[in-house]
Amino acid sequence: MRIAVCIKQILDPRAVRLSRSREAIDPRQAARIVNPPDRYALEAALRLRERHGGEVIALSVGARDVSDALREALAMGADRAILLSDEMLAGADASGVARALARAVEHIGDVSLVLTGERALDTGGGTLPARLAQELGWPVVTDASEPQLEDSILRAFQRDEKQRWSVSVALPAVLAVTRQREKPRYPPALRIAWAYREAEVETWDCDDLGLSPEEISARHTEERNLVMPPERNLGFILSGSPEEAARSLVAELRGKRLI
Amino acid sequence: MDFSFPPEMVAFRRMVREFAEEEVRPLAATIDREDRVPWETIPKLRQAGLLGVPFPQKYGGAGLGEMGYCILLEEMGRVCTSTATFIGAHIGIGAMAIYLGGTEEQKQRYLVPLARGEKLAAFALTEPGAGSDAAAIRTRAVRDGDRYILNGTKIYITNGSFADIISVMAVTDPALGARGGVTAFIVEKEYPGYKVGTIEDKMGIRGSATAELIFDEVEVPAANVLGQVGLGFVTFMQSLDVGRVTLGAACLGGAETALEMAIRYARVREQFGRPLAHLQSVQFMVAEMAAEIEALRSLVYRTAWLVDTKQPFTKEAGMCKLLGSEIASRCVDRAMQIHGALGYSRDFPLERMLRDSRIAELFEGTNEIQRIVIATELFREAGVRIRP
Amino acid sequence: MLRPLRGLSMTEGNSARHSLKAKTMQDLSYLEALMGEPVGEEGYRDIWGLASAVEGRLSDLSLQTVGKARGLADGLGAYVRFLLAGAPDEETAQTLIAHGADYVYLAPGQADAETLAAFLRERKPEIVLLDDSITNRALAARVAQALDASLVTEAEDVRADPIDRALLVTRPIYEGIASQVIACLAKPQIVTVRAGAFPLPYPDRSRTGSIEQLSASWQPDAVQYEPAPEVASPPALTTARIVVSAGRGMEDAEGFALVQQLAARLGAAIAGDRGALDMGWIGPEQQVGALGVIVTPALYIACGIEGTTEHYLGMEGARAVIALCRESDAPLLKAADWGIIGSPKEIVRALVEAMG
Ligand SMILES: Cc1cc2nc3c(=O)[nH]c(=O)nc-3n(C[C@H](O)[C@H](O)[C@H](O)COP(=O)(O)OP(=O)(O)OC[C@H]3O[C@@H](n4cnc5c(N)ncnc54)[C@H](O)[C@@H]3O)c2cc1C
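Chains as they are written, first to last, in my numbering: chain S, 1 to 259; chain G, 260 to 647; chain L, 648 to 1003.
If you are wondering where the hints come from, they were derived from the structure by calculation, not from laboratory data. These numbers come from a predicted model, not from an experiment. Any given hint could turn out to be false.
Here are the simulated lysine-lysine pairs, DSSO-like style, with alpha carbons at most 30 Å apart [said to hold, decoys possible]:
hint : chain 1 : residue 1 : chain 2 : residue 2
1    : G       : Lys448    : G       : Lys317
2    : S       : Lys183    : G       : Lys448
3    : G       : Lys569    : G       : Lys461
4    : G       : Lys317    : G       : Lys303
5    : L       : Lys981    : S       : Lys256
6    : S       : Lys183    : G       : Lys461
7    : S       : Lys256    : S       : Lys162
8    : S       : Lys183    : S       : Lys162
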């Protein structure tokens, strides 16, 4: 079975700070890392390959320096890594990226499963897996965990807002994997050395994929200003009887969507 | 001059840090309290390929050289000195002796399984009568046809209680002594007559096993002579040199943790109406810690570069060990001072770190011996030969 | 795979107009005249929504969404039209109308992307609002991709630019450290609305609107769903969104049981300070502080914890803190966004009750 795994390189969300004075994200402390959920997707792919054989191909869209993220995927165990890199793709939004990835999956050929992380932890809206599925004309399962293959039926678990489901879908399909039990493996030291020194990251551009500018460069949304979270006002005491104080606290928390 | 780490080293550090945080840190207090080796970590270290980091790939290693190995020990040193010591004895002096002194056959037979982590190594030099004065060892190796018979006792051997493969120094010619009379051997734990004796009850690094090894008529094939007969010291001193660089790296990690803890605490602990961070005495301590750490970092990684580019590094290795151990001890001590009574609590890592850090001033050659090593090199460069 | 679409259609003759109660048969042409020609560009007009009725009920989120749609519609001079999927009945449709919808189209079953996309392609809405959920995010993404529409998920705020009518949608980034305003450039403008982003509108039972039954149906889902047994596991302390933490101030086992109730009610992880450890309420792996675990939840509720520096080091990374303390000079009150002074036991009990 041939599995493609989509990998995004992001700024480490744990190290991103907020600059209140500039009302901007301060990325200076943040390294570029593989989007953590994508590593869970890759882990799921590697486990499927271990059980059923086949090939795992890591796929990413971005500038040349994104090849580092793909090298990490190679180090973890991916067989091939392909970077879609093109000036034209530089400004593409989720729609264009999904289109480019779908075209790449078709171009690779014979792919029966595409895995992605549940969402990109930077600014992602979690729409890529479904967009990609739409482009491919395949079904999608989002927020899935522990995928298993039984006679070309893929089974997994999904937890929605209310409960946990057991889902099954015939391949080919797109699956977005959550960060649950099956923790991504540590890339072995030997593979790290190989992946960063010797391994090849194939680079495809729009010509290779037959993508035209109109297909990918249309912008559907535009990022505007940031809204800073309200400054914390510490030491505020709620007064009244326990019942009154509790009620106003619950109201405050609901208002701030903390509960 | 480029001080940035190459991409594979950056990626390697990221992996090791995550490994250290997720797998090693949570056990650090437990193994100290329970006085035991972190058995559950060893298979994970093996899977992540962390037990053969510096060795070439053809010998089962990762091919990341001394620089990769320093990164490994710095990151381990940040979270658990016992685990760092286990790795250091296995790779840095145990397997390293075979890598530096072994024949191709010996490397295939012994280094490969060690580097893959299938077997574990120890390095046995110290004896009751031979500590700093390593030349005073009395373990005897007598040739008998195509084998040697070993008799004697080694003490304070890290990993000794469980090592599968032990590099051992023994006297082959008492008349020649250190100059031509000492030979290195590879001993397998299965050889009849090899026994593990007492296990030390130590002040610190209690998660690292330090054992007495007894050799009672142990037959070792002549093919297991490491390096040349009579030149055992050359082989061992070379591995010790390499080990000292990475010991400095492990100390660097410990010092970094102490500094981070000190800053975190001084930021939030309030006395006399303001955080400790505003007290100049605290500022001075933190500034000195940071300055020393920065200097140590440069020294360690420059020395690693000397090793990897095959330049002489004995003097610098001694400096890594000397400064590293002192800086780490000092930083932990200052961090404890800043934490006050909290730092003295056995529930808090500083107390363990203080006990652990002390060892680095003692083993792999005491700091006095490091000063002698450094001075010997300095005077040799000036044409004066210093004799121990 | 998805079958070729047949589509929902309202224009075909077989889309029988439902026989409605008199009050829903109001004359909408009057309203149309009042509002003038729809002003949306390129023929994109009106605000559409998708809601789902379960056992004759709509979720609070659906009501919030229709309320927001109403607000936007009033500003833009547009109608609010809702597709009502699930198991819709006339009463639920009336509820939608009471909360702001002008037209409700009953479309029983589970909405699918192909059908919805085809439908919206035909209807050309200016705005489409959906409740934000796992299912709807995937649905909206497929539809947006198919229509080349703009899409913003997890909206915390939705405004229309008064000049060019473009939607300005606020959504969280970097796991909530800040929010970003996103402008929609393409039509339709699809938005999934987060629970609690907007207030529950007050129903106006006198509002009238039209209810119509759609004849055609949704496509079956290619994915089979079966309920799976829950794997009951309280969230891990270090990754939990909410941590409820106990201290000596909870007094006794009964007090700690209240803390457990509060945590269960919130789906929160349970922790404590050193005092709770000494009382035997928690294990060392649940002790928050420099001597134990360091936590960084979105909300930390300290129940009966006065607050030492040691404890503070373990929870200073929390994004919001509540301190329930007996003494008014408890150090933790100074580090808390909200404090309540009194008997922690009584306050926790009152909190559990206030949450309903
Ligand atoms: C936890 C632990 C792990 C160890 N692991 C190993 C191992 O894996 N393999 C191994 O072979 N050994 C190991 N050792 C032994 C270690 O290397 C020796 O303890 C060390 O070399 C010092 O020897 P000694 O303890 O006999 O002290 P001594 O040599 O007796 O020294 C006592 C004091 O005298 C000073 N001194 C001695 N000679 C001089 C001199 N010429 N000039 C100035 N000062 C001097 C020393 O610096 C020290 O302060 C380990 C020891 C410990 C505690």
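- Message: Run through the hints listed earlier and report the numbers of any the structure violates, in increasing order.
- Response: Hints 2, 3 and 6 not satisfied by this model.
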